[in-house]
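Asker: Residues 1 to 100, numbered by our numbering, are exactly what the sequence shown covers, in order.
Just so you know, the hints here were simulated from the structure itself, not pulled from any lab data. Keep in mind that the hints are not guaranteed to be accurate.
As the list claims (entries may be wrong) - Simulated crosslink set (DMTMM-like; lysine to aspartate or glutamate; CA at most 25 Å straight-line):
hint	residue 1	residue 2
1	K9	E68
2	K9	E73
3	K9	D41
4	K66	E13
5	K8	D41
6	K9	D64
7	K88	D41
8	K66	E29
9	K9	E69
10	K9	D93
11	K8	E91
12	K21	D41
13	K59	D26
14	K8	E86
15	K66	E91
16	K88	E17
17	K88	D64
18	K88	E29
19	K8	E68
20	K21	E91
21	K21	E69
22	K21	E86
23	K21	D64
What the hints assert, rightly or not - Across the chosen pairs, the derived CB separations fall in these ranges:
hint	residue 1	residue 2	range
24	V15	D93	35 to 45 Å
25	S40	S18	19 to 29 Å
26	S40	S90	33 to 43 Å
27	R20	D93	26 to 36 Å
28	K88	S40	35 to 45 Å
29	H45	G19	16 to 26 Å
30	D41	E91	30 to 40 Å
Even for Gly, the Cβ is constructed at its ideal location relative to N, Cα and C.
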Amino acid sequence: MTHPSTVKKIIIEGVTESGRKFRPSDWAERMSGSLSTFGSDHRIHYSPLLHPTTINGIKCIIIDPKLEEVAPETYSYIMNWAANNELKISEMDEDMPSAG
Numbered sequence: 001m002t003h004p005s006t007v008k009k010i011i012i013e014g015v016t017e018s019g020r021k022f023r024p025s026d027w028a029e030r031m032s033g034s035l036s037t038f039g040s041d042h043r044i045h046y047s048p049l050l051h052p053t054t055i056n057g058i059k060c061i062i063i064d065p066k067l068e069e070v071a072p073e074t075y076s077y078i079m080n081w082a083a084n085n086e087l088k089i090s091e092m093d094e095d096m097p098s099a100g
């Protein structure tokens with residue numbers, strides 16, 4: 001992986017390297033929930049450092065590289081978890097379209 005200062009965002013896709021859809025289907029929300037809060041509006045608010053989204057119909061999580069500095073244990077856990085589950089990990093520019 002590239003040094004965090006040169007990476008705009010990291011994407012972990014809910015698809016394995018062999019092309020299989022990852023289960024459970026709410027994995028992205030579960031993973032992102034580790035840094036989420038509930039607002040006074042009684043809704044979940046995901047951290048800008050780690051949040052679920054859908055890109056081209058695939059559930060993903062987007063990680064801001066700053067997470068490695070702010071919460072290194074969480075960052076390491078997520079990256080190791082993704083590697084152990086053989087999920088696709090890529091980088092994206094900030095202007096890449098996504099639908100959350």
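Asker: Quick one: are H45 and G19 within 16 to 26 Å, going by C-beta?
Answerer: 33 Å, violated
Asker: Are K88 and D41 close enough, with their CA atoms no more than 25 Å apart?
Answerer: 34 Å, violated
Asker: Look at the Cβ atoms of R20 and D93 and judge whether their distance stays inside 26 to 36 Å.
Answerer: 27 Å, holds
Asker: Quick one, are K66 and E13 close enough, alpha carbons at most 25 Å?
Answerer: 19 Å, holds
Asker: Would you mind confirming whether the straight-line C-alpha gap from K88 to E29 stays at or under 25 Å?
Answerer: OK: K88 and E29 at ~17 Å, within 25 Å.
Asker: Compare the distance between the alpha carbons of K88 and D64 with 25 Å, and conclude whether the hinted pair is satisfied.
Answerer: 16 Å, holds
Asker: Between K21 and D64, is the straight-line Cα distance small enough, at 25 Å or below?
Answerer: Measuring from Cα to Cα gives roughly 23 Å; hence the hint holds.
Asker: Within 25 Å, alpha carbon to alpha carbon, are K21 and E91?
Answerer: Satisfied, since the Cα-Cα distance of roughly 20 Å is no more than 25 Å.
Asker: Check whether the Cα positions of K21 and E86 lie no farther apart than 25 Å.
Answerer: 11 Å, holds
Asker: Determine whether the Cβ-Cβ distance between K88 and S40 falls within the hinted range of 35 to 45 Å.
Answerer: About 37 Å separates the Cβ atoms of K88 and S40, which means 35 to 45 Å holds.
Asker: Taken at face value, is the distance from the CA of E69 to the CA of K9 at most 25 Å?
Answerer: Holds: K9 and E69 sit about 14 Å apart, inside 25 Å.
Asker: Between the alpha carbons of K8 and E86, is the straight-line distance 25 Å or under?
Answerer: 22 Å, holds
Hints 3, 5, 7, 12, 21, 24, 25 and 29 from the earlier list are contradicted by this structure; the remaining hints agree with it.
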